[in-house]
Structure formats: C-alpha cells, structure tokens
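Top line first, the protein sequences correspond to chains A, B, C and D. 152 is the number that this note's numbering gives to position 152 of the first sequence; each next residue is one higher, with no gaps. 1191 is the number that this note's numbering gives to position 191 of the second sequence; each next residue is one higher, with no gaps. 2269 is the number that this note's numbering gives to position 269 of the third sequence; each next residue is one higher, with no gaps. 3251 is the number that this note's numbering gives to position 251 of the fourth sequence; each next residue is one higher, with no gaps.
These aren't lab readings, by the way, just hints derived from the structure by calculation. These figures come from a predicted structure and were not determined experimentally. Be aware that a few hints might be false.
What the hints assert, rightly or not - Computed from the model, here is a short list of chain B residues facing chain D with C-beta under 10 Å:
1) 1170
2) 1171
3) 1278
Said to hold, decoys possible - Once the Cα atoms are required to be at most 30 Å apart in a straight line, the calculated DSBU-like pairs of lysine-lysine come out as:
4) 2029(C) to 2069(C)
5) 3236(D) to 3150(D)
6) 29(A) to 69(A)
7) 1029(B) to 1069(B)
8) 1236(B) to 1150(B)
9) 3150(D) to 29(A)
10) 2150(C) to 2029(C)
11) 1069(B) to 1236(B)
12) 150(A) to 3150(D)
13) 1150(B) to 2029(C)
14) 69(A) to 236(A)
15) 2236(C) to 2150(C)
16) 1150(B) to 2150(C)
17) 3150(D) to 2150(C)
18) 3029(D) to 3150(D)
19) 150(A) to 236(A)
20) 1029(B) to 2069(C)
21) 150(A) to 1150(B)
22) 3029(D) to 3069(D)
23) 3236(D) to 150(A)
Virtual Cβ for every residue (Gly too), placed ideally from N, Cα, C.
4 protein chains.
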Amino acid sequence: MVVLGPNRYGKAETRLVRVLRDGGVHHIKDVNVSSALSGAMEDVHLAGDNAAVLPTDTQKNTVYALARKHGVDEIEDFAILLARHYVESQPSVHHARVEIEEYLWDRIGEGQDSRPPGERHSFVRSGAEVRTCVVHHDRDGTTTVTSGLKDLVVLNSTGSEFSGFIRDEYTTLAPTRDRVLSTAVSARWRHLPRDFRSGTSYGFGASYSEVRRCLLEAFAGTHSLSLQQTLYAMGKRVLETREEICEVRMAMPNRHHFPVDLTPFGLDNPNEVFYAADRPYGLIEGAVLADDAPGAGFAWE
Amino acid sequence: MVVLGPNRYGKAETRLVRVLRDGGVHHIKDVNVSSALSGAMEDVHLAGDNAAVLPTDTQKNTVYALARKHGVDEIEDFAILLARHYVESQPSVHHARVEIEEYLWDRIGEGQDSRPPGERHSFVRSGAEVRTCVVHHDRDGTTTVTSGLKDLVVLNSTGSEFSGFIRDEYTTLAPTRDRVLSTAVSARWRHLPRDFRSGTSYGFGASYSEVRRCLLEAFAGTHSLSLQQTLYAMGKRVLETREEICEVRMAMPNRHHFPVDLTPFGLDNPNEVFYAADRPYGLIEGAVLADDAPGAGFAWE
Amino acid sequence: MVVLGPNRYGKAETRLVRVLRDGGVHHIKDVNVSSALSGAMEDVHLAGDNAAVLPTDTQKNTVYALARKHGVDEIEDFAILLARHYVESQPSVHHARVEIEEYLWDRIGEGQDSRPPGERHSFVRSGAEVRTCVVHHDRDGTTTVTSGLKDLVVLNSTGSEFSGFIRDEYTTLAPTRDRVLSTAVSARWRHLPRDFRSGTSYGFGASYSEVRRCLLEAFAGTHSLSLQQTLYAMGKRVLETREEICEVRMAMPNRHHFPVDLTPFGLDNPNEVFYAADRPYGLIEGAVLADDAPGAGFAWE
Amino acid sequence: MVVLGPNRYGKAETRLVRVLRDGGVHHIKDVNVSSALSGAMEDVHLAGDNAAVLPTDTQKNTVYALARKHGVDEIEDFAILLARHYVESQPSVHHARVEIEEYLWDRIGEGQDSRPPGERHSFVRSGAEVRTCVVHHDRDGTTTVTSGLKDLVVLNSTGSEFSGFIRDEYTTLAPTRDRVLSTAVSARWRHLPRDFRSGTSYGFGASYSEVRRCLLEAFAGTHSLSLQQTLYAMGKRVLETREEICEVRMAMPNRHHFPVDLTPFGLDNPNEVFYAADRPYGLIEGAVLADDAPGAGFAWE
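Work out the full structure: start from the sequences and follow the hints.
This is the structure we're talking about:
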C-alpha cells in the first residue's frame, strides 16, 4: 500500500526590505524569508482537501504584516516570531521551519560624509556574503536556532601545504609545501537550547559578528596541512570562543588555484601566476561540536 | 571538549563526456560526477595528517580511468562501480557517496536524416531536464541506489483548482476553480535493495524512462485540487507501476501564473493572459512510499 | 560643457504567458518582452521633467492589454505591434525597440496520448533553447526585424580538425586531425526590409523553423577545419536557402572537450574520454551577409 | 553572393590570479581576461585555412606569460600591453580588443591585525562589485581605453519622486513624492585619447577610485525626480570632476521596491515595508559626454 512520508510546504523567497527611520537617519533591513509548515496534512495529499492548509499566499502576507507590527531586528528573532505565530495560531500546523537570508549594506560615504545626520539615507551593498538563519518551532514547545553565513570567499596566498596522502594507481598529484588555499565558506552554527521567545533579545547580532570573526581569524591564522584541518580549526575556534554555540557545520569547496607551467616559454613560476579553476573542485564538509552538546533534533533539517 | 562530527570530502563536478563509436555511428554520454568519501578521517581534521586521504585529484583521475576501462552505460551502474572501487581499494575509506548528473542529447536530423549511418556523429542538447542518481556504498556491504531527475518543467493550463483552505486574519487569496498549475519537478526515487554489483545490468535505463513517463502522465492526468495532491498522485503512480521502486521524494515549486487584471483597460481576462512570477513561490516537498518499504538507511543523505 | 548622448529607457523582462483555447485543445505562448523607447528625452535627464515619459509601468500594462486585444502569434508580429503602438501613440517617443524571448513547450504525451482532443492542456518545456527577436520602429516609418535563437547546444563527435595555425613563442597547442567540436549557438538574422505592418502575416514561424534547420544541418554537415569555417558555412546555408534573410550574425563559444591523458594509468585514449572544460573558452563572432544586402540601419542595436 | 562581414575571435575568460610578494606582505590581483582579434581572416572563414590564426590557446598562454614577465598592475595597463602585443607581433592581426574584469579583495583583519607585516597573506572578497576595462588597439596606431564597473548595487531610502509623466489609456501608476530608488550600476567611461603605451603609468588606479566616488556621491546627493535624472547627474559629476574622462555610458535597472498594501490587515504602511521585485524592471540606459569629446571610434565596441 502507498503511504505519505515526511512532507512540508510553504512560501519560499519572500523578499522584504524594511526602512526604519530614526529622524533623518535611515536604517535598512534587506531579507529573503522562506517558511515551511507541516502537520495534519494527510487529507490534502490524499484527497485534495485543503481544510488544514494555510495558503502560501497567506504566509507571504504574514511576513509583511508582522514586519510592520513588530519590526525586523535580528533575523533570528524575526524567524522565531514567524515560526511561533504559525504553530500557535493554526491547530493543523504542528511544526514550522523559517529560513531567512540577509543581504548586507553599508552607508554611502560612511566616515567622510559631510552631510548632516538628518540626510543619511543612501546605501551600497557591502558584499556577496549572505547572513542566514534557520529556526524550527514545534508544537511540543521546542525551538531550535541555527545561524550562518554563505558565500564568504577567502584566500591564503601561502601557509598551506598538502602532502603525505595516499598514492594509488590513479594518483598523479605531486605533494606541495606551498600552495594557494581558497574557499567560499558556507557555515551554520547551532545555538544552545534556551527558552527562545519572541520579543526577548538574545544578542544574535553580536553573536554573529563574533562567530564570523572567529571563522576568519582561524582561516587566516592556521598553517594548513589540509583543508580538512582548516575546517576543523575554524569550528573549534568558534566553540572555544562562543559559549552560546554548541555545534558548527561547514561546507567548503576547494577553489583550486593551479600554478601555470611557464617552462615552455623559458619562464619560471615561483608561485606567482595561477590559473583559478572552476570545475571540478574539492568539497570538504564537516561538523565540529562540543562533546556535551545536546541532541540536535530537527535543528539541521 | 571539542570533537569531530559527521564529515566527508571528495571531488565535485568532474565533467566527463564519453564518445562510443559503433562503426560510423557515434553515441555520447555527457555526465557530471561528484564523489564524497568518509571513514578514518580523525587525524586529517585534528592534526593535518593526510595518511588516510585519497586526494580529490585522484578521485577525478579515477572517474576518467574507469570510464575508459569499463565504459559508461547507465549512470547508476557507473556510480556503483566508482563507489565500490573507493571502499574496496582503500581501508581508510569506509563509505562512498557518488552522485551523477546526466545531460541528454538528441541526434541532429533524427527521422529526416538522409546521411548514411556511417556518418552519424552530430548531436543537439535535448532539454534543460537533467537525469540524476545518488549511490552509497558502505564497507558493511550495503549499497543504496536512488535515481532522479530535476528541472523537468511542466504546466497544466486548466484542470487545477485551489479552494477550501484556512482563512485567517492575513488571508486575502480568493479561491479559484480554474488556474494554471506549473512546476519544475525535482524527484528522486529509491530502488528496492538488491545485491547491486558492478557489471550486472539492473535495467536502470528502462526504469528511468518508465518512472519519468509515470510522473508526466500523473501530472497531466490528475485534476488537481492542490499541488500537494498532484505530488502525491505522481509518487503513487510510480509506486503502483514500478515494483523496483519503494519510495519517491519530490520538491515542486509552485511557479505562480497570475491572471492579469485588465479591467482598468476595459478588458476582461477569461484566464487567457497571465503574469509568470519569479518570487516568492510556493514550495511543496513530500515523500511517498510503500508501507512495507525497507528502511532507507543512508540512501537519502 | 556636458551634454546628453544616446539614451533609451523601458521595461525589461515582462513575463507573459498566453493560453489560447481551441475547444478543449489549449495552446500556450510563453514569452519575455522588453521594450526600450527613445525620443524627446532631454528634459527628463537634465531637469527631471517627466512630461515626455511614458512610464515603464505603462509599458508593462501595454504588453498585457495588447496580448488580450490582439493575441500573440509569432513573436515578431507581436513585437511589431508593440513598437508601432509606442511610436504612433506618443509624440515624444520617436523610436521603439522591442525584444522578445520565447520559451518552447511540447505537449505531454504527444504521439501516444490516448486522451480525446478535448482534454489536451498539459505541457512540458522542450529545451534550454530560446527563440528571440528584436524589432525597431522609427517615426520616419522604418521598421527592422531580426529573428534569432540562443542556447542551441550542439556537438560533433568527429569530423573536426584544427591545424596549420600560427606558431609563435607562446604556442604549445598541438595540431589535431580529429577533435570534438561543441558550441552553444547564438544567432540573429536580419529580414529583408518589407512594409512590415501589424496584422499581416509574414510567415515568421515557418521562416524560423527553416533557418534553424539550416543552421543545424550546416553544423552537422560541414567537415570543419576551424570553428570560423563552420560559422561561415552555417550563415551561408541560411542565406542561400532563405530569400527573406539578408544577413546572419553569430556568436559561438568553443566549448572545449579535451581528451584526457590516461597514459599515467597505462591506458590509451582513442578520442573516447573527454574533459568538458568551462573556462576559458574560445569565442568566435562573425557576420555573413548577401553582398547586395541593404544597409542595416539600427537593426542590430 | 554571400560575403563575410565583421568578425573577431579570441579566448574568453582566462582566469588569472597573481600573487606579488613584498617580503612577507602579499598582494593579490584577481582578474578575468578576454581577448578578441580581427584582421586578415577571410581564408579561415571561407576555406578553413588557419595560416592567419593565432590560436585562442596561445592567447591564453600569452596572458599567463606576460603576467609573469611584466606583472599585473592596473588592469588597463595590462590590457594595453596585451592588445599591443597581438597587433605588433602578428601581421595578420590588425586589431585587438582586450577586456578585463577585476575582483576585489580586502586583507583579513585589516586594522586590527596584530600579526607582524611578515605574515600578511590572508584575504576576503570585498564585494559583488566588479571593476572592468576594455582596450582596443589598431595597427593604425590608435589605442582606446574605457574603464568601468558593474554590479555596484545602491539604494536611496528616500529623496526620490516620480510624477508628471504621460498618462495614456494603459497607465495605472500613481505619482509618488517619496519612493525607494535602487539600482545596480553598470558604467563605463572613456578616457581622453593619449599616447597610451605599455610601461607608462597613467594613474588608472587613482582615476578609478575617484570616478567611483563621483558616481556614488552623485547617486546619494541627487534629489531624484526620475532615474534618468539621477543617471545624468552621475555622468555629469564624473565629467566635471575628472578631466581625463570625456564620456560616461551607464545602464541602470530600476530595482523596484513596492510598498506593500497592508490595509487588508488593518495596518498602515508609512513607506516602511517594501516588496523587492525581480521582474519586470525598468531599464535606463544613457550616455553623458563633453560637448568637445573627440570621436569614439571603436572604443565602445
């Protein structure tokens, strides 16, 4: 007999920009919100009975309405607000997952702007890097929060080796004592369980800044014998520095930079001229956690 | 104390095109291979000791060498070959995951080509649709196989309704008895466990064609009261038709087509002129399985 | 003194899907319309005086309204209709450029569909290939029409050579008598001037099909000594076959397929196993035209 | 009779990263080089005779070899070096076009890095913004240089209006006295002709920084009655500030931010909550130049 397995549905990529006016000084919040609900959804799948379905169009409306009612401060706080709203307001919704991406902006002319504070309303996107979070809330009362970032592209121009690896019949790679190491960091980190509630400040903004700093400093400060070692060092640095975090998961493509062989042209290449390759690429994925970290439950789903 | 959690590493997106010559008639296989290995990898993470690491560069070489040695027939067979090779040849590799995408080509002039068979070597890409598979092989001897497709874009111009849903304070959507339903199907289906071995034919090609046909026919043939219902019908059709499949997982974005309000211009719009929206979009995810399906283990990882 | 140079403005990428009902048999037209207007636009640039500006929002509305009023048959006809509308209805608009992309769909189950014609309303996207056109209309009465296609990916697995080229101090490439030749064709072709008017049929659909066939057949049927030669042969075939076309312009990336060196593994590679590279790629651009082709004017802008 | 029209060929997107070591302090240059050559190319198109063809593979090699021989300082200087090299070394090459994109990096920990200067070799990508240039060199001795940028995303949260526009039968847009104005600036600017030669410093780096600053300040400082007005003000600011520049061309999509109608939920929306739309979008293109600017020749091709 055919049965329904795990399922969820929702509205993906609701683009919201909120402008906060503090006198003439404006602040902007630029986010992309995706919600996914699950619960008593047998009838809609088996019979097309929508009585348990809160439309995805309503979920879009809810994002905008709650942004107006409560503002959007840290993305984790807004995601908690939304996830609790869905579960607490609809009996058929037993579980909500809310994912938010945030795009970062700088103020134009920051530092040298001579305009009075009453005319500060111009911004420039500050990077390809994206701040992220995923919040789950279940009707059993459990809330999980992971924060993260993606597209943080970094490069060490020296201080990286790769040798001592297995050599089998298909191995042609030469060991190297000095290579370029570059990656685009995707990382998510899990916050220790707390009684996460809307309207309380958990300091997600400061936490994000510090974790990001740890990741960058560990990448820059680790003499790397392998990208795996660097990944582990980055996660370790976060866990040893930030007591609110109990696990870090990372995916790091090895963006290969191959020294170009210039000998056909009578030239040497003392690790100066590199070809930045697209595909294929190494891909290193790993989790680093506290040995006493509580179970993750659905946090990573 | 900080510890290492789940991890894997490998070479992603090795692009391989194989030309098979059958006299003057050529056949091409155009694939994208990603491998991810795991096992005794503590030392590389904690100390940068690479003694257990088969380089990702070697994994790339292996793809090409095994393609030459054994050919590339159905992608599932080639993935099984690769996964078993890694686990069986390296004691430190306890588990391998191989994912392959295949891009499909038609012969140019098929049907009306007047050239002799000895000159058939011209091809045209046949669609945006991609055939996929993911194979796991573990040193405990277990092999799992899922096949799939993505970017299969379909549309029903009528025969779709959406009504009877929850109305809360943020609901503005009007029920509809006739709408356009369009989605880009991403589907993966799990094969019943067998003693999968390289070199044996399991009929993956015929299985793929039939599953694809089931998905299309169920999409086209279901009068839809919700996209969830359509998703379930598609999975059910596969399971009731193909005895080698025990579970289907799908993700289907609702590519909204909104009827344009033309009343400001004195025009009606009897479901004829639509705006195809990008974001936000509904996203429906679900699994459909046989009630006696064996446990999936790591098949979906 | 600072002055205003060439300028234009408009609404880009208005996504329109039109469903035509012929009894129970549906037909769909899936297009992406971009319009760009120019004319008496000094005041808006220099002083922000919008009196000459037809809003881009209005241009979007016009696309939908005219689609309802006149239908959408061949994209060239619809582009002519739009371009003439803007120039003829607004004195400040002296010139209009309308570009349309069309995405192609097949009927699901075509050929083997046992459903009665009254239930034909299910479609599947037929490829990555996109049909295009660019129409210009000027208030001097001139209309130009170019048709085109892009993302038509083709491959010859033999019948291609490259040798006899310049060898300078930086040349390492070996000549080859047998290589894979693959490209993604972007082509546009210019129609001979006629008295293009809305509402008249110029047979753009049949013309498109035949030009596409010429391009494919010339690609497949040319023993290629260089991609330039193939490009020229493709354009020549169109011009010699289609009397309504006076010029063809093409851009064809050389999607390199490099034979993998398998000798380190004790294997030969008789042009069987290839690495499909991303970047860098050769890029060949060229125009082929009738020696008595009339001047192009603004047709290619 | 069929004849060959304008044509060019070359190697596109050669990815080059150069590491310059200044003691222990490293500097990186991350660029993407595309070259396109034209000249006596009749025979290759008509007969497949490659005697006049410098292979695109050689062009790739040349990029790497000249980077080693001469370094890569400002991208315009490197493009001039390459373009002159091709024309001056190959009689069949009459004209060369070299386009370079540069991706920008910051030093990790800049400002707060406590490591000694001897260990500064870690970088983070600083933004989505890309610096560009296009250089042409002809065998008649003419060199043209345009510099530019793309993907510079900016936003004014107030200080923008749009009213007084044409209202026709398809106009529904309401005038507004306060809107969000956002765009992704693509700009190219033409340098006044000089005797551009390799090895001489023309101050392209400082010029770039100042032009970018002008563009940002004019965007931020202009109370906008239309995006056209803003575009013109940005170009004008550059021309009035930088005497080495004689023309600026810009393409600026209007990234619409629509205030969400919250009245169905009993909420007002004082320009606080916006929906950031993808498509369609306005697109404003225009040139601003000095009235005594010399002819552009092939500079913009």
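Run the distance test for residue 2150(C) versus residue 2029(C): straight-line Cα separation, threshold 30 Å. Holds, because 18 Å separates the two Cα atoms, which is no more than 30 Å.
Was the hint right that residue 1170(B) lines chain D, CB cutoff 10 Å? 6 Å, holds
Is residue 29(A) within 30 Å of residue 69(A), Cα to Cα? 15 Å, holds
Does the structure keep residue 1150(B) and residue 2029(C) at a Cα separation of 30 Å or less? 23 Å, holds
Straight-line alpha-carbon gap residue 2029(C) to residue 2069(C), limit 30 Å: 15 Å, holds
Is the shortest C-beta separation between residue 1171(B) and chain D less than 10 Å? 9 Å, holds
Given residue 1278(B) as an interface hint, is its Cβ closer than 10 Å to any Cβ of chain D? 4 Å, holds
Regarding the pair residue 3029(D) and residue 3150(D), is the alpha-carbon distance no greater than 30 Å? Between residue 3029(D) and residue 3150(D) the Cα gap is close to 18 Å, so the pair holds against 30 Å.
30 Å limit on alpha-carbon distance, applied to hinted pair residue 150(A) and residue 3150(D): Given that 30 Å is the threshold and the Cα spacing comes to 22 Å, the pair holds.
Given the proposed pairing of residue 150(A) with residue 1150(B), does the C-alpha separation stay at or below 30 Å? 24 Å, holds
Holds or violated: are the alpha carbons of residue 69(A) and residue 236(A) at most 30 Å from each other? Judged against 30 Å, a Cα distance of about 39 Å means the pair is violated.
Hint consistency between residue 3150(D) and residue 2150(C) [alpha-carbon to alpha-carbon, up to 30 Å]: 24 Å, holds
Comparing the model with each numbered hint stated earlier shows that hints 11, 14, 20 and 23 do not hold.
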